[in-house]
Amino acid sequence: MGGARARDGGGRRDRDRGQVTVEFVGTLPLILAVLALMWQFVLIGYTFTLAGNAADEGARAAAVDGDWAGAAREDLPGAWRGAAEVGRGSPGPGMVEVTVGLRVPVLFPGGANLPMTITGKAGAVREGRE
92 MGGARARDGG GRRDRDRGQV TVEFVGTLPL ILAVLALMWQ FVLIGYTFTL AGNAADEGAR
152 AAAVDGDWAG AAREDLPGAW RGAAEVGRGS PGPGMVEVTV GLRVPVLFPG GANLPMTITG
212 KAGAVREGRE
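Counting from 92, one number per residue, gives the positions in the sequence shown under my numbering.
Just so you know, these hints were derived from the structure itself, not from any lab. This one's a predicted model, so the numbers in the text were calculated from it and none came from an experiment. Glycine included, each C-beta is placed from N, C-alpha and C at the ideal position. Treat the hints loosely; a few may be bogus.
[Claimed, not checked] Label-pair restraints from in silico Cβ distances: (1) Gly202 - Leu119: 21 to 31 Å; (2) Pro206 - Gly183: 48 to 58 Å; (3) Val116 - Glu176: 18 to 28 Å; (4) Ser181 - Phe139: 50 to 60 Å; (5) Ala124 - Ser181: 16 to 26 Å; (6) Gln110 - Pro200: 15 to 25 Å; (7) Leu128 - Glu218: 17 to 27 Å; (8) Val155 - Ala124: 29 to 39 Å; (9) Gly173 - Glu114: 36 to 46 Å; (10) Glu165 - Gly201: 12 to 22 Å; (11) Gly219 - Asp166: 43 to 53 Å.
Please work from the sequences and hints to get the whole structure.
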């Protein structure tokens, strides 16, 4: 009786052999898709950071009548710099405002871009004589 039980238990283990491999292969595409989606969200957040910083640098340069467009583009990585849209405005007397629009790359910088533009806006008080 004990021998039949041991043989049956061993048979079950043999039938389950390779099950972990099959399950891993089945879920691998889902794991890769989730990782790609998470990486895309990282790129979106990084683009927000870049746009805000570029607008801030441009506003500082515009406040002292410097090269505001060049200052806004200066620190941008090459993949974002080419398609950057930089604009300047004046929200009120004695104020300057710089807006930077950046495209979000799909999965890796330098390739295709998502059909959306991330906008960073910064203002500063004009310095010097009016």
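Verification of the supplied hints:
Under the hint 21 to 31 Å, the C-beta atoms of Gly202 and Leu119, about 23 Å apart, fit the expected range. Between Pro206 and Gly183 the C-beta distance comes to about 33 Å, which lies outside the given range of 48 to 58 Å. The hinted range of 18 to 28 Å is not satisfied by Val116 and Glu176, whose Cβ atoms lie roughly 45 Å apart. Between Ser181 and Phe139 the beta carbons are some 25 Å apart, a value that contradicts the proposed interval 50 to 60 Å.
Range check, Ala124 to Ser181: Cβ separation about 46 Å, and the 16 to 26 Å hint is violated. Range check, Gln110 to Pro200: Cβ separation about 40 Å, and the 15 to 25 Å hint is violated. Range check, Leu128 to Glu218: about 44 Å between beta-carbon atoms, so the 17 to 27 Å window is missed. At about 48 Å, the beta-carbon gap between Val155 and Ala124 misses the expected band of 29 to 39 Å.
Between Gly173 and Glu114 the Cβ separation comes to about 44 Å, which falls inside the hinted range of 36 to 46 Å. Hint check: Glu165 to Gly201, Cβ distance near 19 Å, so the stated range 12 to 22 Å holds. Taking 43 to 53 Å as the suggested C-beta distance range, the pair Gly219 and Asp166 does not conform, at roughly 24 Å.
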